[in-house]
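Undergrad: Listed below are the residues making up each chain.
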Amino acid sequence: MYKRILEYGKVIGQQTLETIFRIAERLSDKKVKMVNSTAVGGGVAEILNRLVPLLNELGIETHWEVIKGNEEFFNITKTIHNSLHGKEEPLTPQMKEIFLEFNRANAELMSFNEDYIFIHDPQPIALIEERNNHKARWIWRCHIDVSSPFEPVWDFIKSYVEEYDVSIFSAPSFARELKIPQYQIAPSIDPLSQKNREVHPREIENVLERYQIDPERSIITQVSRFDKLKDPLGVIETYKLVKKATDCQLILAGGTATDDPESVEILPQVLSRAEGDPDIHIIELPPNSDLEVNILQRASTIILQKSLKEGFALTVTEALWKKKPVVASAVGGIPLQVIHNYTGLLVHSIEGAAFKIRYLLNNPALAKRLGENGYQHVRHNFLITRHLRDYLLLLIALDFPNQHIINLG
Amino acid sequence: MAQSRKVTPFRFYTSVPLVELTGQKAKNLKELKEIIEAIDGSSIYFHTHHYVREHHFFSEEYPSDFAYWVAEVLQEKPLGEKLAILDLRNFPTIRSLREKILELIQDYLDKSGRIRDVQPGLEFHFCKTVSVIISTPYQTSDLSEFRKALEKVDIHSLYYHLMEYRIRESGESNDFSTWIRDNLEKENIAKAIEDLDPYFYPLEETREKILKILARERYFERVKEKISSYSTATEVGKFLKSKKAFNRFKDGFQRLMGGE
Chain V
4 MYKRILEYGK
14 VIGQQTLETI
24 FRIAERLSDK
34 KVKMVNSTAV
44 GGGVAEILNR
54 LVPLLNELGI
64 ETHWEVIKGN
74 EEFFNITKTI
84 HNSLHGKEEP
94 LTPQMKEIFL
104 EFNRANAELM
114 SFNEDYIFIH
124 DPQPIALIEE
134 RNNHKARWIW
144 RCHIDVSSPF
154 EPVWDFIKSY
164 VEEYDVSIFS
174 APSFARELKI
184 PQYQIAPSID
194 PLSQKNREVH
204 PREIENVLER
214 YQIDPERSII
224 TQVSRFDKLK
234 DPLGVIETYK
244 LVKKATDCQL
254 ILAGGTATDD
264 PESVEILPQV
274 LSRAEGDPDI
284 HIIELPPNSD
294 LEVNILQRAS
304 TIILQKSLKE
314 GFALTVTEAL
324 WKKKPVVASA
334 VGGIPLQVIH
344 NYTGLLVHSI
354 EGAAFKIRYL
364 LNNPALAKRL
374 GENGYQHVRH
384 NFLITRHLRD
394 YLLLLIALDF
404 PNQHIINLG
Chain B
28 MAQSRKVTPF
38 RFYTSVPLVE
48 LTGQKAKNLK
58 ELKEIIEAID
68 GSSIYFHTHH
78 YVREHHFFSE
88 EYPSDFAYWV
98 AEVLQEKPLG
108 EKLAILDLRN
118 FPTIRSLREK
128 ILELIQDYLD
138 KSGRIRDVQP
148 GLEFHFCKTV
158 SVIISTPYQT
168 SDLSEFRKAL
178 EKVDIHSLYY
188 HLMEYRIRES
198 GESNDFSTWI
208 RDNLEKENIA
218 KAIEDLDPYF
228 YPLEETREKI
238 LKILARERYF
248 ERVKEKISSY
258 STATEVGKFL
268 KSKKAFNRFK
278 DGFQRLMGGE
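Protein sequence lines correspond, in order, to chains V and B.
Going by this note's numbering, the final residue of the first sequence carries number 412, and the count climbs one at a time with no gaps.
Going by this note's numbering, the final residue of the second sequence carries number 287, and the count climbs one at a time with no gaps.
It is worth saying that the hints were derived from the structure and are not from the lab.
From the structure, some residues in chain B lie toward chain V, with a derived Cβ separation under 8 Å:
(1) T41
(2) L45
(3) L48
(4) G50
(5) H152
(6) C154
Computed beta-carbon distance windows for the label pairs:
(7) V:F403 to B:K268: 51 to 61 Å
(8) B:E214 to V:I408: 25 to 35 Å
(9) B:E199 to V:A248: 46 to 56 Å
(10) V:E74 to B:E108: 56 to 66 Å
(11) B:E199 to V:K6: 42 to 52 Å
Owing to the predicted nature of the structure, the values given are computational and were not obtained by experimental measurement.
Quick reminder that beta carbons are idealized off the backbone N, C-alpha and C, glycines included.
Based on the provided sequences and hints, a complete structural model is requested.
TA: Right under this line is the structure:
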């Protein structure tokens, strides 16, 4: 018992780990089920892949099931996803019917004999129709920002959300007023994963050599999918403004979502804007490039995240974990991580971003302090162990409704 | 050293927070004030205390969410500054803290007369804390055990005994000082811990400061024991019990403790 989780003690401290053990003892006879819509790819699967074994190690029997569906079903869930993000994509009565049919068909294939059922995101939300047939407590874990949705679609989803015992959101600004209690549990990164582990200097040298990046000169990096909302063209403009005054190189690294037409469109524009400047490195990363992302982040002088819209922005969490000074837009979950002037610098425009980058390049002592603070902030608040602890606390809190002090003695 | 009086053992607890969202949000000062007036006390507690709990570095400018939002988002800097410098140790209850915050906002509204809205997406979101309190394995009956346990407990335990206890008990002292004063009758130590301002340091630094206070006490106890072991009939004994020797020990100790 406690084999893998003990490794985290070296990162978060033995005392903090002991607290997790003591909370888990309270739940040792409980069973949990996690349900989502994909086993691989995407942040939710990544987190569940790490969390489920840890819950089991703590003695809380946890099963993870993935719902099944055909292309039609997943096209509908994509429409729902886009609408919850604000795009006006209505659901026809027929689409709603197909959505419910697939949820019901999945329900028939599953058992719900556990004590707690976590349903992740909207795709399996209608499984809640099963609640009266079982004793379990039902938790809806929302990973997306539903603060400004297309209302007709939100109303449809909300009618199911409010059947749950509680809901969880990643940030206060992502939530809506609901009839059920809502908790904030931020997502997390795993400090021991390939994406975040310590790397050997030789590994960094190899990667920089491969991309012909000069380790002796300043490197500004943005790691994110090639997507309009991550503003890759704005990143290049920012770099060009910085470069007028201070020598530097730019790395823009990320994957492309081939099923997303906007993503396919933006890459040629990025390449054309970067043309002729050997100091701009556009790196298309294949899936499973975790170690390479880690190395590029660690090799950087400053990490930029100039997004126009964001989810929680775990790329920022990863950068802070690596003690990097971060310059980032004040959108989505970024202000929870980048506390202006303490763990990084928040910006609102291309010009602002360029100015702050120049400022940091010329003030390495400040850059170092921000990086150190950022690391501590992530260590205490955004690692997988805190995520695990919050899930355990939530399960305990379900037995103490409306109490703001729960004394377990 | 054996205690002759009856000591109630001190059990270290830890408090771990879970954040609940209230769904309420304010887009201007008037709305902020209206919600603060009516909202659960645990929300006021959360927005004025979670910086100390979560941010383990000292943010000197805005130690409360209200101050940060008013100054940085609403850009009402003078009010932000007044909210930021509230000394939380002067408010034994959340009710008194709430009243002070409301008074400051009302004064500012009366003087400035303007209500400015923030852009959509930048509203103040009200949260509240659910604190789950759990016992730790550490129980102590004297200062030596207390010091060893203090080195081991997690910082949430310090937070609980130094800050949360005071608010919950609506008192002026903290849990450590209360136990040390009532059970060990070490007024000097109880007072020295009370004099620390835990809102001004990261919790790890507060732990170090308390450990230093305890180390100083231990040093004096040892010196006292050593001195009393010598008879005044001898020259060494006479010297050791003189004021001159005492001052020398004191100077030596201060050098040892880095000037404190």
